Each structure stands twice: as structure tokens, then as C-alpha cells.
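Colleague: Residue numbers (the working numbering), protein chains in the order written: chain A, 20 to 419; chain B, 40 to 374; chain C, 3 to 341.
Take the hints with a grain of salt, since some may be wrong.
No more than 30 Å apart at the CA atoms, straight line, and that leaves these computed lysine-lysine pairs for DSS-like [what the hints assert, rightly or not]:
no., chain 1, residue 1, chain 2, residue 2
1, B, Lys152, B, Lys227
2, C, Lys220, B, Lys152
3, B, Lys175, A, Lys175
4, B, Lys366, B, Lys227
Between beta-carbon pairs, the in silico distance windows are [stated by the list, open to error]:
no., chain 1, residue 1, chain 2, residue 2, range
5, A, Glu404, C, Leu184, 29 to 39 Å
6, A, Asp377, B, Gly190, 53 to 63 Å
7, C, Thr98, A, Ser396, 14 to 24 Å
8, B, Phe66, C, Arg165, 53 to 63 Å
9, C, Ala19, A, Arg419, 21 to 31 Å
10, B, Pro287, A, Asp365, 33 to 43 Å
11, A, Leu266, B, Leu126, 49 to 59 Å
Worth flagging that the hints you see were computed from the coordinates, not collected in a lab. Computed from a prediction, not measured in an experiment: that's the story for all the values here. Note that beta-carbon positions come from the ideal geometry of N, C-alpha and C, so glycine has one too.
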Amino acid sequence: MRLAKRSMLLLVLGCVSLWAGAQTIAIGGIHPLTGGLAADGIQMDNAIQMAIDEINEAGGVLGGTPLSFLSADSTGSAEVGQTEAERLINEGANAIICCFQSSVTTNVATIAEREEVPLVIDVAVMDAILDQGFTYTFRLQPNATAMGVNGANYLKELAEASGEAVDSVVVLFEGTSGFGDSVREAFVAEASELGIVVLDEIGYEPFAVTDLTTEMTKINALRPDVLVVTGYYNDGLLAARNAEDVLLDVKAVFGVAQGTYDQAQFVADAGDLAECFLDSNYHHDASNADALAVLARYESVYGEPMRTSAVFSYQAVYVIADAIERAGSADPPAIRDALAETNFDDFLLPHPGPIVFDETGENVNARPVLMQVQNGSIVQVWPPELAEADPLFPCVSWNR
Amino acid sequence: MTLLGRIPRDYLILIGLVLALLTLPSFLNQFQLSIAILILYWALLGAAWNLMGGYAGQFSFGHAAFYGIGAYTSTMLLTELGLSPWLGMLAGAGLAALFGIAMGYLTFRYGLKGPYFALATFAFAELLRLISSELKFINTSIGIHLPLTGGDSWQRLQFEDNPQNYFYAITILFFVGYLIKISLVHSKLGYYLQAIREDEDAAAALGVNLMRYKVTAVAISGGLTAIGGSFFAQYFFFISPELVFGVPISIDILLGPIIGGTGTIWGPLVGALFVTPLGELTRAFIRTPPGFLSFIEGRSGLDVMLFGAILIVVILFMPNGLVGLGKQLWARVKR
Amino acid sequence: MKRSILKPTHRNWLILALIILVAIVILALRWEQTVFWLSRYGIVLRQATVTGLLIGGVYGLVAMGLTLIFGVLGIINFAHGSLMTVGMYLTFVLFTRYGVDPYLSVLITVPVLFGIGLVVQRFIIHPARNAPEHNQLLLTLGLALFIQNFLLVLFTATPRSIRLAYGRGETPIGPFMIDFPLRIWGTTITLPKLAAFVFALALAGGLYLLLQRTDLGKAIRAVAQDRDGAALVGIDTQRINMITFGLGTACVGAAAALVLPFFFVDPLAGDTFNITAFVTVVLGGMGSIPGAMLGGLIIGLTQELGVVLAPSSIKLLGVFIVFILVLLFRPQGLLGVKS
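Just chain A, same shape as in the assembly:
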């Protein structure tokens, strides 16, 4: 009798899961699709759609369930990000990918925790997001500390390998939106540790800066060995042009999590000037054929080069799909448990090991890679195991 009851229950459960199998599993995405950061946000949104389409073409997950995409625009504000997160969960999102901005992420993570829906952060750099003891939140991208610490070490190693001394640097950083400042802080701390003197830290306002010639002249007067830059695309482009204008007398311009010098668009916009610029940043693995195929697909569909941020959103979909397969269920807490056990080998990122999350949700193998513009393309130059070419150092395009 009891056995019969139990098998009835199993039957019902089986039917329910079959019925659910006809449904889709929804992945929510929250990114800034309007406002000052829309260039990245729109690409990240596209990339999620692209990954979901690919998975569905290949037969979906759990033996045939298609994924669906619930897209949301945070508009770059915490208020909207929050209501959108709640809307997505209300509409049945089984997992969420977000946010690009640290300011929006914290709040969405709190909601994910409360509603017990797993959240995979594709991009959001601030360390403190995961200091809150969240159990439902996981981050793919290296955090600010990883960016700054690795950046400083790459610089040091690069100098040692080339036999050129790098004793002093000046840091030029965007100083109002939080991103540049948090990377600067981590970089300066590690650089001092490594015995590199930081002569000055020059901040600028990224959304109001019209020219950096005076800053570049000041940097010339300070005579550092290397100029370290951290900020967004537009200001990075200005910095590059103005550095050339004053014939900046440094051994290299070295970006740390800089949004310009590792973008294909930089080469298109700046031409020969772009040569030799270095950037230690989160990135796709350019020595990985699969990653290059994804980039090519993106460009053929959306007509512009794929940004790194979008690669991380794309990757996040696959990490979630993997977790769903292992969970054997689309139940959000089950996906969370599977995410916590993630050991994802088939990744597109330049990390030394598989995607594995520690107990705070940080991707333990996340780290940046050093890239350089060489002969019109972006190549990985450091660390040596990921290098596609030898780094050119010292080198600036206006002194060649």
C-alpha cells in the first residue's frame, strides 16, 4: 500500500517533470542597455541570446528542454536593476546573469539570495560584493584585487624578463565611478609591495574629460619608467592620443583593467598609434580556437567585434547550462548546488585551470592576461604559458 502510494507519487512527479520538460528553462539577464554604459550592456545581452540559441540548436538541456532568455535593462541604476531582478524572478527565471556595474550587482545579489535564485556575475569588479556571505552568487570575472595584483606582477615580471628596469610608475585612473579607483587601489598596494615607486596618482572624471594633454605633460615632468592607465574606452582613447601628442617619454603605456587597449576597436580607431599598448585585463583566451570561433560568430551576426565583457556573459550561459545538466533539474536551488560544485573545463577564458567557485562564490582561477597590440592585432604576451607572441618592451608607437 505504502509502496503503491509512493509509486503514485513518483508517477505524478514524473508527469510533472515531463510537463515541465515541454516548457523552457528561463535565464534572466540584467545589463545596462541604455545610458553611458550601453555599448557593453547591449553586447552582453546579445551574447547571452547567442549562447542560448546555440544551446537550443544543439538540443537544449536535460535531454531536450530549450532555454529561453528574459532580457532586462538596468539602465545603469540600482533602483531599476532591483525591480527588474524581481520582475525576472516573478516571470520564472531559473537563474540570472548580471550586471556589469558593481553598484547594481550588490542589490541584485541580495534579491537572488532572498528568492533563492542563483546569480552568476559575468562582470562586476568590486571585491566587496562577495564579502557579504551570499550563497547564491558566483562571479566569473577576476575581481579588483586580482586585476591590480596580477597587473603589478605582470609588469614586474615583464621588466625582469626584458632586462629593463621599471622602478617607478605614474597611475592615471578614472576617479569618479568607482571602477578605476578600486583597481588603482589594488595595483598601488601590490606595486609598493614589489618595490615599484608610484610617483603620482592622477585622477580624472571619465564622463566629463575632454582632453588629457596637460596630464600627459605632467607625467612627462614626473619622468616615470612606465605609465599605468585604468579606465573606460573613451578616456583610454583620449589618453593614447594625448600621450602621442606630447611624445610621452616612457618605456611603455600599461593598462590595468583598461577598457581600451585590448579592444579590436582601439586598433581600428587609433591605427598605428595603437601599436605596443599593453593591457592586463580580463579577456577571452586568444590561443583557444573555440573562443576565436565564438568571436567570429558574434561579429558575423551583430556586425561589430565582440567585447570581452560579452565573452563573459556568453561563458556564463554555458556555466549555468552545465550546472542544470548536473543538477538534473531546473529547480533554482538545485542549480545553485550544482553551480557550487562547478568544475568547468571547456572554458574560453585565459585562466590556468577550470572554472571552480570557492565558498564565497569567487572563480578561483580567474585572472587577467597581459595583451599587447602588435602589427594591428591584439595578442597575448604574458604569462608565458598563454603567450602568442613575445612582448615588445620597452616600446611605444611614437618612438619607434
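Got chain A sorted already, so can you dock chains B and C onto it with the hints?
Modeller: Structure of chains B and C alone, referenced to chain A:
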């Protein structure tokens, strides 16, 4: 009846409204509730702005200054001293009021009016944003995360398990804010302010102390705005100079009262009821447009375009705000 | 009650003079350090001055449009920067699609933006002429949102920039061959910035002459001074309103084409210039055309000198401090008339 008759009608409306609001959490789902929270929050901020911009006629384009002071004061007191945000809120309101007195004294002493005053308030807010981006003890532009303590606590104003408590909290603040606003409007100060707005010189000639009343209006308006800032910090768990002192805050604060109707008691609430869901609605419209418009689906930017267009249309056709329009229609119906 | 001997304005100037005096004394007392600092950073000071003036010319041009509109229509136009972005995209499309040189495209952007200005005034600003002042402000805000996101839909958010084929190395300027960028006393002057500065000043001069010498200009000034009086003597004030708004936006049409060679364009690019333009307009005196240009130069200088004087600080900070000081001590602006 006689007793009730003596109490201005607005108090009764407020009490009825708050009682009705308290029943809302049983009807609404979490998404709807969070929009309701935002509406009350913007209504509170709008009411604060309205005291200065609407009643006293001193148009502020920099209310982010007060808002940010509130957010940072309560947050610093919480993270450094463990002080309850309720007390932090009061401290923030006090500081913001002091800042308002200083700013008001300076600007009014030199006779700034109209667009000059508006730009001065804008400059003060921007100044605070840039300075706070440099201050080490508030973690520069990186911002501060509020520590999550887990669980629910009224004392710490943090509700992880039962977010509807945030709704009750903002309802309390809304009630207090409107209570202050209504009593002010019906006080001598309120009449003086309106006299100043209508004709400053005439008011001065009648012996109204312009400086004193204008500065008082700025201080009270600033204090109430700071409370909204503290609530933001507690509700969103993260503040940074760009978030709380930024220009978008100053703009968002004044949207509600102007759309709803400046210089009216309920204008800011009506405006918030209109503006807050409008963004949601335009986004939903672009996400799932009607069949014949399917080509616009998901085009980012179209929603904000639509928002801007609606804003223009509303202002063109309702120069006195929604409350003004309502009064006009009511007058026509009565005739 | 005993009155102070000094009038308030005199007292303000005295305070200002005192501050400057104290600064000089401090510098003199620390003479050796000052000399050392100058020997090391003198070049930065010179570059800051040069850059400040060059970029200030563009700020001035943008601010002239704003101040003209304010002077006649009495509104602060928050859509000014977004209209500039329209001009920047126009320049960009003309350059990449049709190979039109950005400096030549001024001939196209100015009339197009003038036309847009006419339309905006007629259909958005004019209907609200009797509404409270703040309604017009919000209208321009709504318009700015609309334009920014219209451009976002049209061009996406990806920033675009252009590269001139000339401007580095030997460049023919009239009969002379000049080696750009110019290096004068250690400072760097690039061709796009020099060109922007020169054209901005020329256009400012042209606009000034237009206002001073032509009948149209006289009519505009008459309306700015006394709307009712102007209407009485037979001036069509609404026509003047439209034309003024058109002229104001034409200014950003020109500025847009001039900055693109050394800047970039994305849907928010023009707003970068609008923040400083507000400050500039107040500094110069709202409604004063020469004041706007002077204000632009001063703001440019303040912003750049801030880089030198305030170590590791954000340069906008100095601009706002100057702004508040001006508001307090000389609210009518440097060249404005006291109302």
C-alpha cells in the same frame, strides 16, 4: 463633526491613505511591492523638493547634495559606530539641514534667484560629488557596502527574509514626511513662503523676513531629502558618490513634483504614481510590443525615447501638472 | 543703524584682493620651493595654459549658443549638449560615408542644426511659452532624453571617432608648410585643437557682428532687452524667438564639427561639453556673447591649471569652486549687466 471639521482635510486624506497602504502587502507580489516602495520613496523625496521648489518658489537643481549627505551620514554612523539607521537618519537630516542653512544663507545673501539659484544648487551638489570622490575615510569613489547582518531587524532597518517590512518602513517615513509637509503648508511659515513665491518684494514690504523663511524652507526640505537618502542606502545596500550625489538623482527628485503639480500637497505623490511605473511600462512595451510594431522589439533606447516623448507631451498639455489638470476637470464637471 | 562705508560689491573685491595678496606672500616666503617647483613643473603650467585656452575656445562657442537662447527666451536649454551630439554624428557620417572634411562639414552642420533649432522652438518650446519657467526646463530635459536615445537606437552606443589624413608632420597652411604638432617652449599644440580654437573664435566674432551690425541682430537684442517694447515697434517676437533658438543650436553644430577630429562621438558625447557650458554662461554673464567666450577661456584655464595646482585631483573640482565664487561675488557674471 465640529472637531473633524477643524482639522484640515489633508490630514484626513493622509491618515486614510496610510491605512489603505498598510493593507497593500497582502495583495501585491514582490515585484509589484518593490514598485510600490519606489513610488512612496519618490513621493517622499518629491514632497521634500516641493517645499522648497514648489511652495517657496526656490527651484533646486541640486537636491542630490542633501540626499547624499543623508545616505553617507547614516551609513558611516552604522558602519563605524553601529548606530541604528533610524538615529543615523535623524543625524543625516540634521546635517543636511545645516548644509541647507549654509547654502541658503550664502545664495540668498547674494540675491540669487531663478536660474542662478538653480545652477548654484547644481554646483553645490557637483562639488560634494567630486570632493567625496577624493575622501579616503568614506572610501573615495569606490563607495561603501552596507554590511548585511542576515535576517530581519527593525533596529538595523534591514529585512532579508521579509522585504515587505521595507514597505512598512517607507510608509512610516512617507507618513512622517507628509505630516511635516501638511502642517508646514497650513502654518504661518507656509503662508509666508507662498507670499514670497508670488511676489518677493511685496512680501518684504509687508515685513516678511525673506532670509529667515527662505532658509528655513531650504533646511526643512534638505532634512527630509536626507531621510530619503538614508532609506536608499538601507534598501540598496551600496552607496557611492556617483550614485548618491550624481545629477540623475537631482533630476529624478524634481520629475515627480513637476509632473504631479508644484506647490500642491498631493502633486509629488501623484507625480511619483505616474513617473515610477512609466519607466516600467515603456520598458515592457518595447520588450513585448503589439504585433504590428514587432520590429521595435528589444531595441534598447526606444523605451527611454518613449519616456522622453511622454514627458514632453505631459508637460505641454498639463502645464500645471496632473493635479492642476484634475482641478480644471473637476471645475468643469461642477459647472 | 550704522551703514558700512564700503558697498557690498567693493567689499567683495577687497576680499578677493586680500586672498590674492596672501597667496603671493606665501609664495614669496617659500621662494626657493617655488622656484624649484616652477623649474620642474613650469612646462606643465605652460601646457595647462595653452590647452586651457585652446579647449576654452570650444567651450566658449558652445556656451555662446546657450547664453543667446537664455538671453532671449529666458530658458536654460538642457538639450543643448544632445543637439551637439546630433551635429557630431552628422559630421561623422559625412566624413565616413562621403569623405567630407570635418572643417568643411561646418557648412552643412550649421544650417542643419539651425533648422533643427527652429523646429524645436516652434513645436516644443513655443507651446509652453506661458507655462511656469521650470516646465520649460523639464521640456528640454525630456528632449535631451529623447535625442540621446534616438541616437542610441540609430548608431548604437559604440563610440566612433575619425582620423584625419593630415595634421601630423609637414602640413600646408596657406602658403606655409608647418610641422605639426607645434612645439613652442616645450608645449604641444596639435592641428585639430588649434583649428577648433581659431574657427571657434572666428565664428564667435561672426555671431557678434551679426548681433551688433545687422537688422536681425538689432531685433534680437531688442527682444532680449524688452520683449513687449520690441513687439510694440513691430518686431515679430515669435519669429525672433525661433531664429534665436536656431542660432543657438547652430553654435553647437559648428562646435560639433570642430571637436570631432580630436574627440569621439557616442550618444552622450555632447553632454560632456554642456556641463562646462552652464558654468561658462553664468561666469560670462547670462545673455552676454563676449562674456560667454571670455568665460569659456577662463573655465578652460581653470580646469587645466587645476591639474597642476591640485595634486592628484579631478580637474572639474576647480571649475565648480570658481563657479560658486562667481555666483556669490558677481552673480551677474563678468560681462553681464546687473538686472
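Colleague: None of the hints should be skipped; say for each whether it holds.
Modeller: Now the hints, each set against the structure:
Of the pairs offered as hints, the one joining Lys152/B and Lys227/B holds, with about 23 Å between alpha carbons and a cut-off of 30 Å not exceeded. Proposed proximity of Lys220/C and Lys152/B is supported: the alpha carbons are some 28 Å apart, at most 30 Å. With a C-alpha separation of about 27 Å, the suggested pair Lys175/B and Lys175/A falls inside the 30 Å cut-off, and the hint holds. A hinted pair counts as satisfied when its Cα atoms are at most 30 Å apart, and Lys366/B with Lys227/B qualifies at roughly 25 Å.
Our hint of 29 to 39 Å for Glu404/A and Leu184/C is violated, since their Cβ atoms are close to 47 Å apart. Between Asp377/A and Gly190/B the Cβ separation comes to about 24 Å, which falls outside the hinted range of 53 to 63 Å. Between Thr98/C and Ser396/A the C-beta distance comes to about 22 Å, which sits within the given range of 14 to 24 Å. About 60 Å separates the C-beta atoms of Phe66/B and Arg165/C, a value consistent with the hinted range of 53 to 63 Å.
A beta carbon spacing of about 53 Å between Ala19/C and Arg419/A contradicts the range 21 to 31 Å that was offered as a hint. Separated by about 41 Å at the C-beta atoms, Pro287/B and Asp365/A satisfy the suggested range of 33 to 43 Å. For the pair Leu266/A and Leu126/B, the supplied restraint of 49 to 59 Å holds, since their beta-carbon distance comes to about 57 Å.
The structure fails to meet hints 5, 6, 9 from the earlier list, while all remaining hints are met.
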